[in-house]
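> Chains as they are written, first to last, in the working numbering: chain A, 93 to 223; chain B, 3 to 139.
Simulated from the structure, these hints should not be mistaken for laboratory data. No false leads were slipped in.
Derived list of chain B stretches under chain A, where covered just means 3 residues or more per stretch with a C-beta under 8 Å from a C-beta of chain A:
1. 93 to 102
2. 118 to 127
Example chain B residues on the side facing chain A (calculated, C-beta under 7 Å, incomplete):
3. E106
4. T113
5. A130
6. P135
Note that beta-carbon positions come from the ideal geometry of N, C-alpha and C, so glycine has one too.
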Amino acid sequence: MFTTRRVLLVGAVALAAAGCTRETATIIIADPDLSDALHTARTLAHNAEALGYSDIAQDHLTHAATLERLLLPNVVAEEAVATFADAAALAEAEAEASIDAVYACLGTDTDFAVVFGEIAASRAAHAAVLA
Amino acid sequence: MTAVDTGLAAEYAAIYAYGAAAVHLDGDPRALAEELEAEHRSRRDALLDYYDANGLEAPSAEAGYDIEPITDAEGAQRLLLAVEERVTATWRAGLAPGPLGEREICLDRYTESAVSLARWRLAVGVAAADPWPGRPQ
Chain A
93 MFTTRRVLLV GAVALAAAGC TRETATIIIA DPDLSDALHT ARTLAHNAEA LGYSDIAQDH
153 LTHAATLERL LLPNVVAEEA VATFADAAAL AEAEAEASID AVYACLGTDT DFAVVFGEIA
213 ASRAAHAAVL A
Chain B
3 MTAVDTGLAA EYAAIYAYGA AAVHLDGDPR ALAEELEAEH RSRRDALLDY YDANGLEAPS
63 AEAGYDIEPI TDAEGAQRLL LAVEERVTAT WRAGLAPGPL GEREICLDRY TESAVSLARW
123 RLAVGVAAAD PWPGRPQ
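Working from the sequences, and respecting the hints, build out all of it.
See the structure below:
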């Protein structure tokens, strides 16, 4: 639902001395799963706050802040987010987002695995208490 | 000892603790405690099936576990909160990159544990939201 998994964000092409030298350009490719997780965290935070679940929104904002830090310098810009009608829709979105994070956790052999796993567990817990 | 071994040991300890604590509870907390104890037993059984299916020797449960004496419902609730936090932290430790099969088991059990922890927190009047379930403080 939220994933644009295979979209690679290519950013920060840094040319030393504004391209006036023969330095090699450095291309930093953002992890697409981190970017997807960030977009989802922002969407869930927005909706949880709008529906009156400030504590859950705070969890997502904490996730977003961590993901932004991990993505530096390629933090994706804020986008328009989907809106959920009620707690049941939010719970469903939390459950789906948890599964996305599970796949991200199992799909990486980097240290990000732990963060994805923690986010998956947190979202699953939200879904359970909202249900 | 693998992460799955450690997780199974945590599930054994949780089952023991629920057996000692649940009798001090009444009403909704008692019903939830019985439900969560059943979940720990299901996880234990699924893990034992995993050991069997892979020809591995499962660690055994201890004859007893060192828990604080429980005299009332408040003590029982406090113990079970600590148990759920410990189980969640134990499964979380298995998320780090390693053999994929083991990591998948740990992730599944960790996610389930985080749900159990949130439900128990809610039942005993503690805030359920937690951005990093089981992460050491």
